[in-house]
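Chain residues, written in single-letter form:
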Amino acid sequence: MAQPLVKKDDDRDDEEYSPFLGIEKGAVLQEARVFNDPQLDARRCSQVITKLLYLLNQGETFTKIEATEVFFSVTKLFQSRDIGLRRMVYLMIKELSPSADEVIIVTSSLMKDMNSRTDMYRANAIRVLCRITDGTLLTQIERYLKQAIVDKNPVVASAALVSGIHLLQTNPEIVKRWSNEVQEAVQSRAALVQFHALALLHQIRQNDRLAVSKLVTSLTKGTVRSPLAQCLLIRYTSQVIRESGVNTQTGDRPFYDYLEGCLRHKAEMVIFEAARAITVLSGVTTRELTPAITVLQLFLSSSKPVLRFAAVRTLNKVAMTHPMAVTNCNIDMESLISDQNRSIATLAITTLLKTGNESSVDRLMKQITNFMSDIADEFKIVVVDAIRSLCLKFPLKYRSLMNFLSNILREEGGFEYKKAIVDSIVILIRDIPDAKESGLLHLCEFIEDCEFTYLSTQILHFLGNEGPKTSDPSKYIRYIYNRVILENATVRASAVSTLAKFGAMIDSLKPRIFILLRRCLFDNDDEVRDRATLYLNTLGGDGSVVETDKDVKEFLFGSLDIPLTNMETSLKNYIQNPSEEPFDINSVPKEVKSQPLVEKKAPGKKPTGLGAPPTGPTSTADTYERILSSIPEFTSFGKLFKSSAPVELTEAETEYAVNVVKHIFDRHVVFQYNCTNTIPEQLLENVFVIVDASEAEEFSEVGSKPLKSLPYDTPGQTFVAFEKPEGVPAVGKFSNMLRFTVKEVVDTSTGEAEDDGVEDEYQLEDFEVVAADYMVKVGVSNFRNAWESMGPDFERIDEYGLGPRESLAEAVSTVINLLGMQPCEGTEVVPSNSRSHSCLLSGLYIGNMKVLVRLSFGIDASKEVAMKLAVRSEDENVSDTIHDIVASG
Amino acid sequence: METCPSVKNILLLDSEGKRIAVKYYSDDWPTNNAKEAFEKAVFNKTQKTNARTEAEITMLENNILVYKFVQDLYFYVTGGEDENEIILAAVLQGFFDAVGILLRGNVDKREALENLDLILLCIDEIVDGGIILETDANSIATKVASNSVDAGAPLSEQTISQALATAREHLARSLLK
Numbered sequence: 001m002a003q004p005l006v007k008k009d010d011d012r013d014d015e016e017y018s019p020f021l022g023i024e025k026g027a028v029l030q031e032a033r034v035f036n037d038p039q040l041d042a043r044r045c046s047q048v049i050t051k052l053l054y055l056l057n058q059g060e061t062f063t064k065i066e067a068t069e070v071f072f073s074v075t076k077l078f079q080s081r082d083i084g085l086r087r088m089v090y091l092m093i094k095e096l097s098p099s100a101d102e103v104i105i106v107t108s109s110l111m112k113d114m115n116s117r118t119d120m121y122r123a124n125a126i127r128v129l130c131r132i133t134d135g136t137l138l139t140q141i142e143r144y145l146k147q148a149i150v151d152k153n154p155v156v157a158s159a160a161l162v163s164g165i166h167l168l169q170t171n172p173e174i175v176k177r178w179s180n181e182v183q184e185a186v187q188s189r190a191a192l193v194q195f196h197a198l199a200l201l202h203q204i205r206q207n208d209r210l211a212v213s214k215l216v217t218s219l220t221k222g223t224v225r226s227p228l229a230q231c232l233l234i235r236y237t238s239q240v241i242r243e244s245g246v247n248t249q250t251g252d253r254p255f256y257d258y259l260e261g262c263l264r265h266k267a268e269m270v271i272f273e274a275a276r277a278i279t280v281l282s283g284v285t286t287r288e289l290t291p292a293i294t295v296l297q298l299f300l301s302s303s304k305p306v307l308r309f310a311a312v313r314t315l316n317k318v319a320m321t322h323p324m325a326v327t328n329c330n331i332d333m334e335s336l337i338s339d340q341n342r343s344i345a346t347l348a349i350t351t352l353l354k355t356g357n358e359s360s361v362d363r364l365m366k367q368i369t370n371f372m373s374d375i376a377d378e379f380k381i382v383v384v385d386a387i388r389s390l391c392l393k394f395p396l397k398y399r400s401l402m403n404f405l406s407n408i409l410r411e412e413g414g415f416e417y418k419k420a421i422v423d424s425i426v427i428l429i430r431d432i433p434d435a436k437e438s439g440l441l442h443l444c445e446f447i448e449d450c451e452f453t454y455l456s457t458q459i460l461h462f463l464g465n466e467g468p469k470t471s472d473p474s475k476y477i478r479y480i481y482n483r484v485i486l487e488n489a490t491v492r493a494s495a496v497s498t499l500a501k502f503g504a505m506i507d508s509l510k511p512r513i514f515i516l517l518r519r520c521l522f523d524n525d526d527e528v529r530d531r532a533t534l535y536l537n538t539l540g541g542d543g544s545v546v547e548t549d550k551d552v553k554e555f556l557f558g559s560l561d562i563p564l565t566n567m568e569t570s571l572k573n574y575i576q577n578p579s580e581e582p583f584d585i586n587s588v589p590k591e592v593k594s595q596p597l598v599e600k601k602a603p604g605k606k607p608t609g610l611g612a613p614p615t616g617p618t619s620t621a622d623t624y625e626r627i628l629s630s631i632p633e634f635t636s637f638g639k640l641f642k643s644s645a646p647v648e649l650t651e652a653e654t655e656y657a658v659n660v661v662k663h664i665f666d667r668h669v670v671f672q673y674n675c676t677n678t679i680p681e682q683l684l685e686n687v688f689v690i691v692d693a694s695e696a697e698e699f700s701e702v703g704s705k706p707l708k709s710l711p712y713d714t715p716g717q718t719f720v721a722f723e724k725p726e727g728v729p730a731v732g733k734f735s736n737m738l739r740f741t742v743k744e745v746v747d748t749s750t751g752e753a754e755d756d757g758v759e760d761e762y763q764l765e766d767f768e769v770v771a772a773d774y775m776v777k778v779g780v781s782n783f784r785n786a787w788e789s790m791g792p793d794f795e796r797i798d799e800y801g802l803g804p805r806e807s808l809a810e811a812v813s814t815v816i817n818l819l820g821m822q823p824c825e826g827t828e829v830v831p832s833n834s835r836s837h838s839c840l841l842s843g844l845y846i847g848n849m850k851v852l853v854r855l856s857f858g859i860d861a862s863k864e865v866a867m868k869l870a871v872r873s874e875d876e877n878v879s880d881t882i883h884d885i886v887a888s889g
Numbered sequence: 001m002e003t004c005p006s007v008k009n010i011l012l013l014d015s016e017g018k019r020i021a022v023k024y025y026s027d028d029w030p031t032n033n034a035k036e037a038f039e040k041a042v043f044n045k046t047q048k049t050n051a052r053t054e055a056e057i058t059m060l061e062n063n064i065l066v067y068k069f070v071q072d073l074y075f076y077v078t079g080g081e082d083e084n085e086i087i088l089a090a091v092l093q094g095f096f097d098a099v100g101i102l103l104r105g106n107v108d109k110r111e112a113l114e115n116l117d118l119i120l121l122c123i124d125e126i127v128d129g130g131i132i133l134e135t136d137a138n139s140i141a142t143k144v145a146s147n148s149v150d151a152g153a154p155l156s157e158q159t160i161s162q163a164l165a166t167a168r169e170h171l172a173r174s175l176l177k
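Chains as they are written, first to last, in the UniProt record's numbering: chain B, 1 to 889; chain U, 1 to 177.
Hints should not be assumed to be uniformly reliable.
[Stated by the list, open to error] With a Cα cut of at most 30 Å, we get these calculated DSS-like pairs of lysine-lysine: (1) U:Lys45 to B:Lys354; (2) B:Lys572 to B:Lys705; (3) B:Lys94 to B:Lys152; (4) U:Lys35 to B:Lys94; (5) U:Lys23 to B:Lys76; (6) U:Lys48 to B:Lys419; (7) U:Lys23 to B:Lys146; (8) B:Lys304 to U:Lys40; (9) B:Lys366 to B:Lys436; (10) B:Lys94 to U:Lys23; (11) U:Lys40 to B:Lys25; (12) U:Lys45 to B:Lys419; (13) B:Lys64 to U:Lys23; (14) B:Lys366 to B:Lys397; (15) B:Lys25 to U:Lys23; (16) U:Lys18 to B:Lys25; (17) B:Lys868 to B:Lys354; (18) B:Lys76 to B:Lys94; (19) U:Lys45 to U:Lys35; (20) B:Lys436 to B:Lys475; (21) B:Lys64 to U:Lys18; (22) B:Lys733 to B:Lys662; (23) B:Lys304 to U:Lys45; (24) B:Lys64 to U:Lys35; (25) B:Lys850 to B:Lys868; (26) B:Lys214 to B:Lys266; (27) B:Lys366 to B:Lys419.
Hints are computed from structural coordinates only; laboratory data are not their basis.
Please work from the sequences and hints to get the whole structure.
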């Protein structure tokens, strides 16, 4: 429409035709001068605005001056009475997002439109004004907005309500005053008004559990008209369910009937929302799940891809926790493997892999092999991950699954895909001893023709660790030495290290290895030569069949039991504070924020397969350590053992927000109180916490560090330190009182405060130091190996009755939390309906004692749970302590 | 889950993946380069699929993407990975059908560019700052059409209801083809 319409039929075949062909910013800005004409040509003005919007939409930007100029001329267009033009003006103002001083220019025009008799003007003026306004202006127009919320025109009401939702982020105190009007709008007969009003009302009240619960109670009984509003109500209802828990007497879940009723709604979006809400209820029972699964199953055979996708994606998630509940859908799911939509097909396959039983594995693999060739890499990765889990579940089927993996490893594929396959093979080798030899050979064949240096080096490293332990290590040498001849320097260097490992571990191979290593001394790369020289000299270069010294082995190939990120931090600190002392590697903390290594439940994360250590997130532990070491009073406490997660000591949205972090040392604990002042008009000074430890007998206060000043919205910390008996997991309850001096702030923009202050105090909630605080979560990659190597010397086994529990899953998670240990190999997940469950835990107890725990649970018909607890550790006292924790818990 | 259903962006691309009109409501793509990269990824991932009879769906960068194509116009709606897929599909359908009504059944790139103002207003009427305003195609088209400077007839000569009636007629005819 920007250029006069050309006769369409003439240049239909001219593909490149566009009304914006050759458009240029400078020229359009020039054209925008027509906005200033005394006699406005509305049509022409609209066209120019369209061109401006087109430019912005294509990613063109205006300079500050250009934008201001356009904005001012656009404001002139309010003179025109042309409705279409006005609509474009609104759009333009929103796109330009004018600065505060510019907003003033259009405020009066927009306010006039807000009170216009034309509904379209009112609705749009509200949306524009609320988009560009700031807090001060808002108080002026608040009155009109309140009126608009209850306007009889639904478009106007919706505009005001949606604007309210946006404004709540920036000006909550003003919007909260509108609840009466919003409440009225919830009863509106117009579907979308009801939807928007409900969304706003909930956001206003979201921190008030009781009010949300009341809102849900009244609305679930009434009739909510719009499907969108119904979906919202389902979301709010599940929130209320989550917070209220199951009625322990009857076993009924409040509002479940409402959710189930929604499964019979006529709108698909509501049915699906309700089904999805039921599947994610915490501790959902099979009886509760069944109706939801039934409607999702119907969706699976829908003609609409969106419905099939939504259903299969939800069922896929259910299959992770309740595989049995999904098996009914297996037939429908199998027909989806050939779905046109590859996302649906992939989800169907991975679901089937999760729910499949041992006997169906071979049939499934056959179907998948056909399917793999015509999907994209990203889908293939998902399938590979699923196959790995399946193999771990059915170790007896490793042969066909390993074959599948090696076949797809030979096919074309990108780095990520190949890496996923290699990682899976490595995990299978690690966890299924029978699969080791064939797996290693598959990897050897792969590196014969591997274009990815990273994968080659990782495989060589892994081969060096695992190869020597096999029955016939010599057969791998050929593959490794081929790398020295054929590959780039990086791969050559790691092949040299691998060769040396074989030499060090297997004395009979030593002479042959040495011949190969000596050849590497003539390599043209420094690193390769250096490595060869190092190994030849340290391993005893005369090539005789002698046993390599244990220390040498340890030095060359021993694992660094320190997380690299911690090492990095410590080294950086060392460089920053130069000292005469040499760097002590023992001073590096060993704690990692560890994740279960084998199977991660979190979607989107790739399991760590090859040697790559879990890249620990730059842990908060480092931050804590830095903070604590900067306080002279606490430096004598020694090395920080563990810091707990923050425990909230105040309700949300109170004047002062305080949480506490418990730092555990060998003979001390330090409580770090993180305080935030949420009142702009106050400055707090000399802030400290009075701790009453009368219910924690073994602790005595030894020092504290008050906080000098706590300005508005800038978090600060105050500390209190306690002494406790060494190595004893002392527990106790602490009650806390926050004390400070309040000063009124004169000028909130500068934070300047009056000189005189008033002393005040604020009661905080109690917290406890519990046994789990003395336990650091440290995962092990292979529990069985770790358990065997720990040995039965300090094993303690006992049985416990846990009484009637809500469910097996609840009992398992209670015990895990009580011990504060890391669940291994995904054993924290309890399949629904199971009557027994085993759970593996590992951790590091205070005093750096490794602890491994095997838990076996059983539940009977009356929900009585019994538990057998087996502990192995490096010290019998520690093993006993673990039992004490459980016995007293 | 407790949050209001929301839309991260609405895209209208041509058969080469170029922008016709786009609107972003989330900060996931802060720069124009990020936006263009996303659009490219979207287009590459979907162009070979057949989304001409029913709306199709896929995941991309932890987002849900629903899309539908007609002639050389490619319609997309993106939402977060926890969003209800069917709600997003309703937004897409509303957008798709409203454009059909506004372009009077001649739904192709050239017609869309010639009526870009209508397309932009249409997007503006569907979602406001990520929140769904309206999903019913007729209501959307009514709101847009009632404001438009109609190419042929000024508003005095063609009342809103008439304009809408012809628009519906066009749509019906195009469906019958």
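Evaluation of the provided hints:
1. U:Lys45 to B:Lys354: holds (27 Å)
2. B:Lys572 to B:Lys705: This hinted pair holds, its Cα atoms lying about 27 Å apart.
3. B:Lys94 to B:Lys152: holds (26 Å)
4. U:Lys35 to B:Lys94: Holds - the C-alpha atoms of B:Lys94 and U:Lys35 are around 19 Å apart, at most 30 Å.
5. U:Lys23 to B:Lys76: Within the cut-off at roughly 26 Å; holds.
6. U:Lys48 to B:Lys419: Holds, at about 27 Å.
7. U:Lys23 to B:Lys146: holds (29 Å)
8. B:Lys304 to U:Lys40: holds (26 Å)
9. B:Lys366 to B:Lys436: holds (24 Å)
10. B:Lys94 to U:Lys23: holds (12 Å)
11. U:Lys40 to B:Lys25: holds (24 Å)
12. U:Lys45 to B:Lys419: holds (22 Å)
13. B:Lys64 to U:Lys23: Distance ~22 Å between B:Lys64 and U:Lys23 Cα, so the pair holds.
14. B:Lys366 to B:Lys397: Within the cut-off at roughly 14 Å; holds.
15. B:Lys25 to U:Lys23: Distance of about 20 Å is within 30 Å: holds.
16. U:Lys18 to B:Lys25: holds (19 Å)
17. B:Lys868 to B:Lys354: holds (29 Å)
18. B:Lys76 to B:Lys94: It holds: about 16 Å lies between the C-alpha atoms, which stays within 30 Å.
19. U:Lys45 to U:Lys35: It holds: about 15 Å lies between the C-alpha atoms, which stays within 30 Å.
20. B:Lys436 to B:Lys475: holds (14 Å)
21. B:Lys64 to U:Lys18: holds (27 Å)
22. B:Lys733 to B:Lys662: Holds - the C-alpha atoms of B:Lys662 and B:Lys733 are around 12 Å apart, at most 30 Å.
23. B:Lys304 to U:Lys45: OK: B:Lys304 and U:Lys45 at ~19 Å, within 30 Å.
24. B:Lys64 to U:Lys35: holds (22 Å)
25. B:Lys850 to B:Lys868: holds (20 Å)
26. B:Lys214 to B:Lys266: holds (26 Å)
27. B:Lys366 to B:Lys419: holds (23 Å)
Violated hints for the displayed structure: none, as all numbered hints are satisfied.
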